[in-house]
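When we follow the numbering used here, the leftmost residue of the sequence shown carries the number 1, and every step to the right adds one.
A hint or two may mislead.
Unchecked claim - Here are the in silico distance ranges between beta carbons for each label pair: (1) ARG134 x GLN88: 20 to 30 Å; (2) SER110 x GLY135: 22 to 32 Å; (3) VAL44 x ASP111: 14 to 24 Å.
To be verified - Once the Cα atoms are required to be at most 16 Å apart in a straight line, the calculated EDC-like pairs of lysine to aspartate or glutamate come out as: (4) LYS2 x ASP112; (5) LYS2 x ASP113; (6) LYS2 x GLU108; (7) LYS2 x ASP111; (8) LYS2 x ASP82; (9) LYS2 x ASP84; (10) LYS2 x GLU104.
Read the hints as simulated data drawn from the structure, not as lab findings. Beta carbons: idealized from backbone N, C-alpha and C, even for Gly.
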Amino acid sequence: MKTIHHVLDIDGPVDSVWSALTEGPRLASWWSTRVETAPAALGVQAHWTFSGDFNPIMQVTEIVPRSAVSWRCIGGHDNWQDNDFRFQLVPLESDRTRLRFWQEYATELSDDDYGIYNFNWGYYLESLRLLCTRGRGRPYVPSAGPT
Numbered sequence: 001m002k003t004i005h006h007v008l009d010i011d012g013p014v015d016s017v018w019s020a021l022t023e024g025p026r027l028a029s030w031w032s033t034r035v036e037t038a039p040a041a042l043g044v045q046a047h048w049t050f051s052g053d054f055n056p057i058m059q060v061t062e063i064v065p066r067s068a069v070s071w072r073c074i075g076g077h078d079n080w081q082d083n084d085f086r087f088q089l090v091p092l093e094s095d096r097t098r099l100r101f102w103q104e105y106a107t108e109l110s111d112d113d114y115g116i117y118n119f120n121w122g123y124y125l126e127s128l129r130l131l132c133t134r135g136r137g138r139p140y141v142p143s144a145g146p147t
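When you get a sec, could you build the whole thing from the sequences and use the hints?
Encoded structure:
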C-alpha cells in the first residue's frame, strides 16, 4: 500500500505543536473548524466535519506525550477507512520542532486520489505550521447547516 509522508520544521516549541495535535480548540484552528472531541487519550474519537462524503472519524491509537500521536480513521470517508495517521515531533535547537507525518493507506487508490490527498495534507500541515508560528491557521470552514 502507498504512504503519504511529509516533514516540516516549525519555528515554535514542541508544546505548541503538541497542543495543536491533541486539543480540540487547537485542532479546529488548522484542519476543520468543526470537530467534536475530548482531550486526546487512547481510544478517544474526533468527529470532523468537512463536506459531502468527507467527514472523517479518527480514533487515537497511540499517544506519547510531546512526542507522537496516531489516529485510525474508523468512519466518515470510505477511501480513508482503516488508514493510519501518525504525527511525530522532534525538538530542534532554538525552540523549533520537526514534525513528521505519515498516512498509511489500508487499500489501493488511484494515483489521482493519492495526489489530491497529498496536496491537501501539504496545505493543512502548512496551516498547522502557521497556527504554531503566527497564532492563526487556515482551517477548512464547513458551511452552516445539517451535518
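| query | Which of the numbered hints above does this structure break? | reply | 2, 3
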